[in-house]
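Chemist: These are the residues of each chain, in order.
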Amino acid sequence: MGKIIEAENIGYVYQSKYQKTKALTGVSCSFERGKVYAITGKSGSGKSTFLSLLAGLDVPTEGNLYIDGKEIREIDRDAYRMNLASVIYQAFHLFPLLTVLENVMFPMGLQHVPKKEAKERAHDFLAKVGLPDTLYGKMPNMISGGEQQRVAIARAMASGGQILLADEPTGNLDSQNEAVIVELLGKMAHEENYAVIVVTHNEKVAEAADVVYGMLDGRLEVVRA
Amino acid sequence: MRNSLKQMMRTPVRTILFLGLMVFAALLMTLGASIWLKGTQTMAQYEDRFMTIGTVRQIPDSFAQKLTWNAETKDYDVRKSAQYSDYYTPDDLLFPEAEYLAKPEQRAFYISYQPEYLMTNVSVSPNAILYGIFIAEFSPMEDAVPDQSMPIQITKVIGGDPRLEGVVDYFCDHRNPNPEMLYKDKTYVAMLGFQGTYIHGKVYEEKMQSKNEVHIGLEMLPFSLESDVLLPDGSQSEDVFRDGQQIFEVTDGFYETEAGRRILNLAKTNVLYRNCQPVTGTNRTALLMPFYNGRCFLMEGRDISEEEYAAGSKVCLAPKTFMENNGLSLGDAVKVQLLLTDRLVNAGQRFWLDGNMGFYSGLVTPDGSPLEVFETSEYTVVGIYDVTFSGTDSIFDPGADELIVPMKSIEARYGTNLVACGPMTDATTSFQIPNGGIDDFLKSWAEYGTDKLTFTFYDKGYSQLKAGIDNMKAISLVLLVAGVALTALLLFFFSHLFITKQAERTAIERSLGMGKAACRWSMLSGFALLVFLGSILGAVAGYQISADISAANAGEKYYETTYTAGITNIVNEIEVEEAAASALPAAYCTVLIVAAGVGIAWVKMNRSLKREPMRLLAERAEE
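Respectively, the protein sequence lines represent chains L and D.
Note that the first sequence covers residues 1 to 225 in the numbering used here.
Note that the second sequence covers residues 1 to 623 in the numbering used here.
I should point out that these hints are in silico values taken from the structure, not numbers from a laboratory.
Treat each hint with caution, since some may be false.
For lysine to aspartate or glutamate, the following EDC-like pairs were computed, each having C-alpha atoms within a straight-line distance of at most 20 Å [stated by the list, open to error]:
| id | chain 1 | residue 1 | chain 2 | residue 2 |
| --- | --- | --- | --- | --- |
| 1 | L | K20 | D | E612 |
| 2 | L | K22 | D | E612 |
| 3 | D | K516 | L | E120 |
| 4 | D | K268 | D | E256 |
| 5 | L | K128 | L | E74 |
| 6 | L | K116 | L | D76 |
| 7 | D | K516 | L | D58 |
| 8 | D | K610 | L | D76 |
| 9 | D | K103 | D | D303 |
Reference excerpt, derived from the structure (chain L facing chain D, CB under 7 Å, subset only) [stated by the list, open to error]:
| id | residue |
| --- | --- |
| 10 | L57 |
| 11 | M82 |
| 12 | V87 |
| 13 | H93 |
| 14 | L97 |
| 15 | P107 |
Cβ coordinates follow ideal geometry from the N, Cα and C atoms, glycine included.
Next comes chain L alone, as it looks inside the complex (with noise of 0.2 Å):
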């Protein structure tokens, strides 16, 4: 199975007005799809920026990192967040003015397929994601937090990628949701081929994952392979 997404020895430098911050520093390390990614460690340790990068939301400011074998700097960044990899997060972040079907149907608006065509579709990913169809009208505010997160996973399926990168998804979530999310999140891997990569601090999630990486400082270390 093929590295989806490599990384060369990357680092990264917010740089303010007045000062550098060293966020990241000399990460390596490749992921591949049909497995479940685990990143772990403690706040401010870089993680998010991590995942900012493999996202395509912003470059390393030192080292290379390739997707499916193109260095990110040369690739069409957004389209790769449409096509290849999808986000989901702590807070869920739906479009909170669209139903729980708009919301999945959102990414394939971006390309443009067919309105009927992104319905049907959206209705199977929420299926698959197992939410009963009565909630496909209802606005994200009106289902629960479980919910919410399954539709996010519905939608990062919608845009038809093959990266799933999660931020601590199952923070807000109770342990009964924890469980389902995690679940879903190893279908997603092992089920639909996808490279999920979490970043959580949760200890079950990252017990479920394939491979298990731990930041400290800017640094990456393999703590599980």
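For chain L, the structure is supplied; the task is to place chain D on it using the hints.
Modeler: Structure of chain D alone, referenced to chain L:
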């Protein structure tokens, strides 16, 4: 845009409130701008139709009492006459800050001897005795002292209407406290006239008792032989006949005496006066109040041009009655023979429109010679004017048959054969200042001028119009400022709600692969559409209200409000149509509001886009 709008419509209260307030703000702005523009355009449109004229009057230094004997009451009448230590001149009005569109002019009017033309006085009453004053020999019907009305017979008319010969009427040496006896077998000569005293005394009582014959009319009075013609500087000449004998017995060789020669010379000019026409010289037609206030109006031809006035061209405006009475047409020449100069009053005070005439006595030179025509020229009639009604009612009346000519066209225009002279008066002195300049003028005059001159201003309602429009513009400014302020407030507040507060949405869109440009469009499009809709609806409403106001004010009339000089019959008004409502303010306001809205939203959007999405969304998670 569809998603953007969809999300906006999911917060209908906020969206409708924004739209409604934007409509209101745009309405205020457009209405304010429209009214402001309309006010400015209306003023510009009508500026030329208004004209501000000032008239000048010198206040007397004092009043002197003059005692005149009254034979009827056997007592002295007390008459007051204004006294001036000196006469101010138009040059005294040329102070540094004075801004004149037409400099002050003190007009004289001239009396032209016109034997070749038919004058109104003759055309109106062909059979009337046309002399207010005449020179004749007479004999009393009985011996009597003329301290009361006594019958006399006019035996020979020397200067005046010959039809008076043989007439028996009443005579009294009314102003003489010590008249001498007149004898019925003697012939006397005097300058006689009817001057407002009625028959009185024994004759009157007899007639009142005889119910068959009641005749209560004017009596004849004698007049002094003194010259009333002033020296060129306006002063009075020395004259041996001043305050002297007025009734002379006609004896052999009387007409060889100094008094006899004076009487014959007076008679010569008196005859000339029968066929006279007033001629007024001015530097601008509108400075003549009858033309300014619309009493006189051009009915044919044109006004005398500025160039003709400046060059002193021999052109004139002539009254319709004069032209018709004499079969004259536009372009014809009128021969003018100037005989007398009057610098005291205007022509209307001597040549009344009803055909009556005021008269002058003492029409000989200061040395007793007969007066002669001092300037002859031909004037081409370039305009014919008419008078709105023929009654007389104010000091501004035009004179019957009055010709209007450029002042500079009269060469001997200052003091030749000057029969009356006086200070500047409202009827003879006027000037033009810029519209709206009255307050500035008076303020400057208070600094530089004298309190011996007073001014009356006429602006045909310009002050009223300007005050109204200024008031309207002040209101429009308030509307405009309120509209701009409300618009700015709304744009900042709602762009905060719709854009800054939607930074999370932007971050999600970015993380889903939407490019910055697409994010910007997604966020801006809905906001801009609302701004555009609000501004265009408001602008249309503002335009409509402004058009309704215009329609409601259509045909508003502005009246002269400063008349203080006795005009009663003239309604001096200007009908003002407000400038039509323009769509320009609506268009500009819409463009301005949309540009401001997009600009503000653009800046805020850029701020949102500068924030790193993952970091922003992580912050939100912590919140």
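Chemist: Please write out, lowest number first, the hints stated earlier that are contradicted by the structure.
Modeler: 3, 5 and 6
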